[in-house]
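Based on the sequences and whatever the hints tell you, model everything.
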Amino acid sequence: KNQVEQSPQSLIILEGKNCTLQCNYTVSPFSNLRWYKQDTGRGPVSLTIMTFSENTKSNGRYTATLDADTKQSSLHITASQLSDSASYICVVPWGAGNNRKLIWGLGTSLAVNP
Amino acid sequence: EAGVTQSPTHLIKTRGQQATLRCSPISGHTSVYWYQQALGLGLQFLLWYDEGEERNRGNFPPRFSGRQFPNYSSELNVNALELEDSALYLCASSFTEVDTQYFGPGTRLTVL
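Note that the protein sequences, when read in sequence, are chains C and U.
For what it's worth, the working numbering labels the leading residue of the first sequence as 27, then goes sequentially.
For what it's worth, the working numbering labels the leading residue of the second sequence as 751, then goes sequentially.
I should point out that these hints are in silico values taken from the structure, not numbers from a laboratory.
Treat the hints with care, since some could be wrong.
Covered by chain U, per the in silico footprint, the following chain C stretches (three or more residues, Cβ under 8 angstroms) [said to hold, decoys possible]:
id : region
1  : 65-78
2  : 117-125
3  : 128-135
From the three backbone atoms N, C-alpha and C, an ideal C-beta is built for every residue, glycine too.
So, in structure tokens, the structure goes:
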């Protein structure tokens, strides 16, 4: 069964600290994986996309990793800021053509406290 | 360049009524997607429109329907509203089905 599972479900850290969010997937065949950031009550915003051949990709203070062998991805946030408080969602596409769909994780809710 | 827009921002209806939600995609995007996000839950795929046609739909009853207009904007209609339809409804658009989806701010539907 095609699934995307994220951990932890929620996380609270202090401003300035680092954190790592995990995403495990069983989607096959695999083509790419996306991380989205969703502020409360708003639409998700794409942070990064990892293709099969990429191991690490950075976007400012966000660094995503991908291990296609173990089917795991992580999102590392460095020097967290209050504005990083949001839900971080891992998404993996499956299928092709009209059968294509995105398999969404439930997200990790991150709270950055002062 | 304008992003995906949705209207209204908030919508309050009573059980049994019908709701219409609207979405305008980013200019040049032909694919429009609708998602439902109930409070505290993940995104649930509702519908995908491309070039005016419904390409795929999620596991939702037929009272959830929609359409895409020639200018690629889209409507989501929910008939016979039920209390559990209360959720944030998100619209996204993309160039093709393999490209990144860009989301609008959502419509918060409350069914009383």
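Verification of the supplied hints:
1. 65-78: Our answer is that it holds, as 7 residues pass the Cβ test (under 8 angstroms) against chain U, meeting three.
2. 117-125: Check passed, 4 qualifying residues.
3. 128-135: Holds: 5 residues of the region 128-135 of chain C have a Cβ under 8 angstroms from chain U.
In the structure shown, no violation is registered for any of the earlier numbered hints.
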